[in-house]
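Visitor: Please put together the full structure from these sequences, using the hints given.
As given, the protein sequences belong to chains C, F, X and Y, one line each in that order. Residue numbers for the first sequence, in the numbering used here: 1 to 386. Residue numbers for the second sequence, in the numbering used here: 1 to 386. Residue numbers for the third sequence, in the numbering used here: 1 to 386. Residue numbers for the fourth sequence, in the numbering used here: 1 to 386.
Treat the hints with care, as some may be off.
Identical chains share a label here; the pair holds if one copy fits it or two copies do between them.
No farther apart than 27 Å at their CA atoms in a straight line, the calculated lysine-lysine pairs in the DSSO-like style are these [claimed, not checked]: (1) K282 / K238; (2) K237 / K13; (3) K218 / K282; (4) K180 / K218; (5) K237 / K282.
To be clear, the hints were calculated from the coordinates, so they are not data collected in a lab. On a predicted model such as this, the values are computed, not experimentally measured, just so you know.
Each chain, letter by letter, is given below.
4 protein chains.
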Amino acid sequence: MAEQVNVALIGYKFMGRSHSNAYRQVAHFFPDLGAVPVMNTLCGRDRQAVEQAAGQLGWQQVATDWKDVVRRPDIDLVDIVTPGDSHAAIAIAAAEAGKHVFCEKPLANTVAEAERMLEAVQKAGVRNMVAFNYRRVPAIAYARQLIDEGRIGRIYHFRARYLQDWIMDPNFPLVWRLDKNAAGSGPMGDLGAHIIDLARYLVGDFDEVTGMAETFIKERPLAESSDAGLGASGGAKKGQVTVEDAAAFVTRFTNGAMGTFEVSRFAGGNRNANTFEINGSKGSIRFNLERLNELEFLDLTQPSTEQGFRDLMITDGAHPYMAAWWPAGHIIGWEHTFTHEVRDLMAAIAGKVPVHPDFLDGLRVQQVLDAVERAASSRRWERVAR
Amino acid sequence: MAEQVNVALIGYKFMGRSHSNAYRQVAHFFPDLGAVPVMNTLCGRDRQAVEQAAGQLGWQQVATDWKDVVRRPDIDLVDIVTPGDSHAAIAIAAAEAGKHVFCEKPLANTVAEAERMLEAVQKAGVRNMVAFNYRRVPAIAYARQLIDEGRIGRIYHFRARYLQDWIMDPNFPLVWRLDKNAAGSGPMGDLGAHIIDLARYLVGDFDEVTGMAETFIKERPLAESSDAGLGASGGAKKGQVTVEDAAAFVTRFTNGAMGTFEVSRFAGGNRNANTFEINGSKGSIRFNLERLNELEFLDLTQPSTEQGFRDLMITDGAHPYMAAWWPAGHIIGWEHTFTHEVRDLMAAIAGKVPVHPDFLDGLRVQQVLDAVERAASSRRWERVAR
Amino acid sequence: MAEQVNVALIGYKFMGRSHSNAYRQVAHFFPDLGAVPVMNTLCGRDRQAVEQAAGQLGWQQVATDWKDVVRRPDIDLVDIVTPGDSHAAIAIAAAEAGKHVFCEKPLANTVAEAERMLEAVQKAGVRNMVAFNYRRVPAIAYARQLIDEGRIGRIYHFRARYLQDWIMDPNFPLVWRLDKNAAGSGPMGDLGAHIIDLARYLVGDFDEVTGMAETFIKERPLAESSDAGLGASGGAKKGQVTVEDAAAFVTRFTNGAMGTFEVSRFAGGNRNANTFEINGSKGSIRFNLERLNELEFLDLTQPSTEQGFRDLMITDGAHPYMAAWWPAGHIIGWEHTFTHEVRDLMAAIAGKVPVHPDFLDGLRVQQVLDAVERAASSRRWERVAR
Amino acid sequence: MAEQVNVALIGYKFMGRSHSNAYRQVAHFFPDLGAVPVMNTLCGRDRQAVEQAAGQLGWQQVATDWKDVVRRPDIDLVDIVTPGDSHAAIAIAAAEAGKHVFCEKPLANTVAEAERMLEAVQKAGVRNMVAFNYRRVPAIAYARQLIDEGRIGRIYHFRARYLQDWIMDPNFPLVWRLDKNAAGSGPMGDLGAHIIDLARYLVGDFDEVTGMAETFIKERPLAESSDAGLGASGGAKKGQVTVEDAAAFVTRFTNGAMGTFEVSRFAGGNRNANTFEINGSKGSIRFNLERLNELEFLDLTQPSTEQGFRDLMITDGAHPYMAAWWPAGHIIGWEHTFTHEVRDLMAAIAGKVPVHPDFLDGLRVQQVLDAVERAASSRRWERVAR
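Guide: See the structure below:
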């Protein structure tokens with residue numbers, strides 16, 4: 001019999017919906033896991049809202065105080081999907097209570113928080129995972145496999161962009177994601193953290209960085225609440241945007257590869273364009289999250305006349321995770337990056353083995369973000385702590 | 001309170017998994033439906049297999065005799081996902097027992113069966129729907145909306161291909177889908193039915209057809225059972241393939257548009273390439289199921305210098321069905337075509353209103369398939385009955 | 001020293017410009033040909049217009065009566081780019097005068113004409129070539145090479161469309177291309193002839209065909225002259241369109257492959273979309289004339305996980321014709337399909353060897369066009385004469 | 001009558017072939033120019049080689065000493081296509097002799113040289129142009145037109161890559177382009193100069209930059225001569241590569257836009273991938289040189305549901321330069337970027353008006369290259385001189 005893992009989910013907005021879906025679905029598609037999640041408790045401050053969410057999302061009960069929840073003996077796993085400024089407190093308390101911890105990215109708003117979080121889970125000896133879900137896009141897992149098999153060779157270039165366009169309207173309000181206190185940073189933490197983690201997953205550690213950040217729209221209408229909402233009318237009071245709208249940086253990896261990175265919320269027409277290209281001595285790879293069931297692969301070991309980017313549908317049973325789904329050519333959705341995360345987290349809990357990306361990976365990303373922020377300010381190259 | 005609709009699902013293979021997923025998920029994403037499905041009974045002949053499937057797929061109980069199930073007073077909706085040769089018997093019995101009926105496509109293996117099925121549901125006054133799920137791809141629903149709004153104008157051309165490649169290996173065995181008695185036809189019923197239905201949905205009724213069918217590999221190793229399986233070893237006994245491997249036909253629609261259609265299981269590299277293009281006096285549309293979150297739209301009312309196929313991500317909240325899902329640019333999977341079907345079926349049951357595509361639509365598709373088969377044999381144009 | 005080949009070009013409109021460009025350029029890029037064209041005489045009925053054209057296009061002299069020109073002793077090669085109704089008379093006279101003949105496609109407006117033309121050049125023993133220029137797209141020549149090397153295997157499918165949109169405006173005038181007497185047919189002869197020739201080049205001979213043709217706009221404003229011109233004002237007198245606007249047909253090739261073909265001038269957004277796909281037992285190929293420097297190739301002999309259409313830039317020195325041009329990745333234009341034709345024609349003249357496609361190929365295409373026209377009328381399958 | 005402009009071309013390799021083609025072709029496609037080039041003299045040091053080139057390329061005479069040529073009274077225009085270390089001497093001598101000067105890019109190997117060149121042409125009052133030919137890609141000229149018309153709005157982002165892969169083989173020899181003395185720099189001057197010029201053309205002036213450069217393969221076999229050649233055998237003597245293999249930098253434009261740039265000769269599969277994307281408040285643009293007849297345009301003023309990158313074929317008569325060529329959908333090749341340059345240079349000579357990009361533009365690009373080189377060395381932001 002599979003182990004029952006009682007989950008408490010702290011938070012219930014966009015990421016709460018995404019994680020809930022994964023818990024609901026994982027056992028239906030991956031039936032042979034040694035551990036299965038039980039959707040025990042959904043936690044949020046606003047009781048009415050959290051009750052409604054629990055009903056829709058499929059949770060057995062609700063709670064309003066995370067401090068109680070993380071100590072409850074019946075809870076095995078604490079999953080944190082709140083804004084970044086509360087990650088550390090919740091994660092550390094959960095670890096101290098001996099719970100496994102699953103935390104949304106970025107792990108924390110500062111390196112110091114991330115270090116304390118790592119210390120806490122290591123001391124407690126619990127499973128710990130950061131929700132860099134794009135490692136579980138089958139196409140990206142397959143890219144990693146190609147790299148591991150030597151198909152790409154020595155990597156020269158990693159070139160990543162994560163571009164969105166949802167705040168281009170100057171009347172879009174000052175939601176929490178535009179407030180440095182709550183969000184820690186703008187697209188660097190939100191989007192940049194993802195591509196930094198992918199760079200570490202696919203290429204290796206960062207040595208040093210330099211770059212820039214910009215805020216194009218410096219004042220915005222105040223939002224009534226922290227909910228992302230509609231554009232405000234003309235007469236609204238305005239407040240300062242305290243995070244960047246866009247950023248770009250270049251890096252040297254410790255293995256000698258070059259990296260270029262760019263994030264923006266002002267790249268019109270790019271709804272969710274997390275794209276990267278890798279060029280190595282034996283092959284190249286291209287990926288675009290908006291077509292996440294595809295991977296472009298170029299094999300430099302073939303004759304020059306036959307070299308071309310080949311558009312692979314990553315939907316075969318032999319591709320990572322895909323035996324669980326549908327026949328070849330029947331695509332899966334973005335949400336299943338989380339289903340795959342939960343699958344691997346359950347396997348790790350059952351097997352008492354580590355799972356990646358763990359809090360150390362989360363700290364490493366935080367260290368890169370920190371170096372980029374320092375470089376944008378010092379206007380020099382900054383070394384990435386490790 | 002939402003009406004509880006007790007569902008009995010007859011069959012549990014590929015389509016059984018797909019329908020089950022839709023029943024599990026629909027209320028989590030569409031919370032305000034007047035009716036919600038209850039996954040009451042999963043029915044199949046092999047008790048052990050059906051019990052295992054029910055466990056994995058989330059059904060409350062199992063049954064092995066559909067004749068009992070369709071008459072049970074606690075069942076409200078009978079969903080049929082068996083091979084085509086059993087659709088008529090099950091659907092008619094269910095209708096006669098006053099159940100709503102949801103039936104996989106093609107509706108039947110013959111026009112006569114489809115006519116009797118239609119008669120039965122009409123006489124019973126029950127909701128009836130055929131699972132032409134591609135009408136519920138948001139991009140296709142949006143294409144229909146553009147057509148309805150006059151953005152395409154008078155339609156001149158509909159050009160559809162549904163190409164796959166899963167039986168190209170001559171050692172792929174003689175599964176039920178290659179047996180005319182069970183499957184009725186080859187890719188014409190399996191794939192052609194889909195694009196015929198889409199043509200009717202987007203363009204209108206067929207007037208007349210002519211065309212051809214081919215069987216490239218005429219003998220194959222016998223499969224041990226009706227399960228789709230692995231290639232057999234060289235010494236296996238062989239049997240006749242009794243359905244076509246590929247077919248193509250041309251049509252005149254009653255509104256004067258031209259249509260061209262092609263289906264194949266021998267189109268290497270086309271894993272699931274259900275593609276079409278529409279050319280009208282005011283605009284054009286292109287679609288590819290392998291990229292189902294996108295629709296290409298060309299607007300001929302713009303200046304010639306600015307005319308180009310525009311790649312729309314059909315992931316905005318204002319696109320059909322998409323407010324239920326994720327932020328723009330976060331794609332959904334193939335499986336949710338079924339979630340959307342069940343959503344609309346539940347709404348129809350709650351509202352006591354018709355839902356499309358109904359059994360009349362299913363019959364119309366059958367009549368086109370029949371005319372194509374007659375034309376392939378008579379080597380002439382054949383009129384489509386209506 | 002290279003042989004000097006004195007050319008007389010009969011006609012000077014669109015195709016006249018294209019052929020002239022090829023004659024001007026060929027020796028600059030293919031310097032080692034045994035024969036080089038001399039742009040001796042440009043011939044047209046309107047002296048003033050032909051003089052102006054000769055000046056711009058680089059011809060040494062002009063003439064107004066082709067009957068004189070084709071008999072002149074200093075002329076070696078007669079190149080015919082007039083409307084189809086005059087091809088036969090000119091070509092036969094030229095052959096009888098012992099001239100090599102290069103003729104625009106389609107070779108003739110009828111099978112009978114084409115037969116007489118073939119007979120004339122065979123009797124005269126002169127070089128003869130039909131300007132099916134797309135055989136000399138490097139990507140298509142490379143596709144043929146892949147087929148010849150067995151990389152595609154047994155061909156199951158050839159699927160071709162040649163779609164344009166330049167007469168969709170109902171006020172576009174009744175130019176010569178819309179007049180059956182001058183043009184012979186509509187897009188079948190203009191566009192269909194190209195894809196029929198490519199099918200023969202890449203797959204093989206046609207066995208039988210059936211299909212349809214449509215004229216969507218049956219009356220149009222009369223053009224003042226045979227020049228393609230601007231849309232006429234509302235009050236213009238109208239005349240009957242006597243050719244089809246679109247056509248579609250299916251075929252069986254003699255080697256058992258299936259073919260589907262469609263041509264249209266009403267496919268909005270398709271400026272010049274000559275596209276085809278070939279599916280064979282070992283690989284697939286896709287081509288699009290609007291991206292003529294690319295060829296998509298899929299290799300079914302690779303593992304299933306690595307199968308994908310690979311976008312080859314056909315710009316390497318090792319690709320057909322491309323050593324003459326620029327470094328890899330620097331694309332060439334449509335016009336050089338003619339440069340390559342002239343290159344091969346010059347080589348054939350110098351080497352006294354045949355060149356393809358010759359008048360026999362031209363006749364074969366005519367026979368297919370004739371069978372399609374018969375089928376559209378008889379509403380049955382028609383055998384292709386051979 | 002059109003003015004005859006006697007041209008002397010100094011150099012005859014790759015760029016010599018490209019410029020010669022433009023001189024040969026321009027009047028055939030742009031017949032109404034007030035000035036037409038006469039291909040008077042081709043100049044190179046190796047008489048035998050230059051004579052052979054002149055024959056193939058269509059020059060009337062040859063010369064071996066550029067110092068004589070640039071002073072000859074019958075020469076009107078000196079065109080310089082030699083390696084960068086000789087540009088300044090030739091251009092200054094030509095200007096001092098009162099000749100118009102057309103110079104390949106980058107204008108010089110140093111800022112100081114470029115300044116002296118600019119001074120010379122300004123003092124002489126002659127037409128001067130730098131061959132940043134990509135301004136004359138019709139799609140890029142059209143992009144500029146869209147920007148000028150306000151269709152893109154305030155520009156936030158310019159994102160450019162120019163990626164090639166022709167020296168990835170470690171045995172590729174140490175040709176002149178890999179020698180800092182001859183080439184000035186690696187892909188920064190060769191490829192980066194192009195995208196810097198496009199950035200200035202489309203966005204505006206650079207304010208400051210920071211970035212990095214890398215040499216992945218630090219030693220290579222010595223080439224026998226300065227000709228680009230074949231990979232050497234294993235035993236060859238090796239020399240130091242003194243230019244970068246790749247570089248990346250970020251910039252702030254004076255108008256507040258952000259820019260990111262990357263160049264490489266190690267980006268496998270990117271044969272000639274000069275790509276950029278512009279994001280503005282009203283629209284976005286994407287371009288790829290390997291598909292130079294296309295431009296992707298996204299219009300943010302349309303409803304969100306209808307926003308998508310639209311693939312425009314830039315082949316309409318109303319697109320820049322395209323009335324001269326073929327009907328819509330018939331693509332042109334890379335070489336005609338030079339034909340368009342020569343067209344505009346001839347018009348400027350005839351009209352006695354300036355033409356862009358002139359030597360001031362060339363100097364501006366040099367100043368950006370210089371700032372990037374300084375930043376790569378100082379590891380700080382560097383201001384771009386202006």
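Visitor: Of the numbered hints stated previously, which ones are contradicted by the structure, given in increasing order?
Guide: Violated: none.
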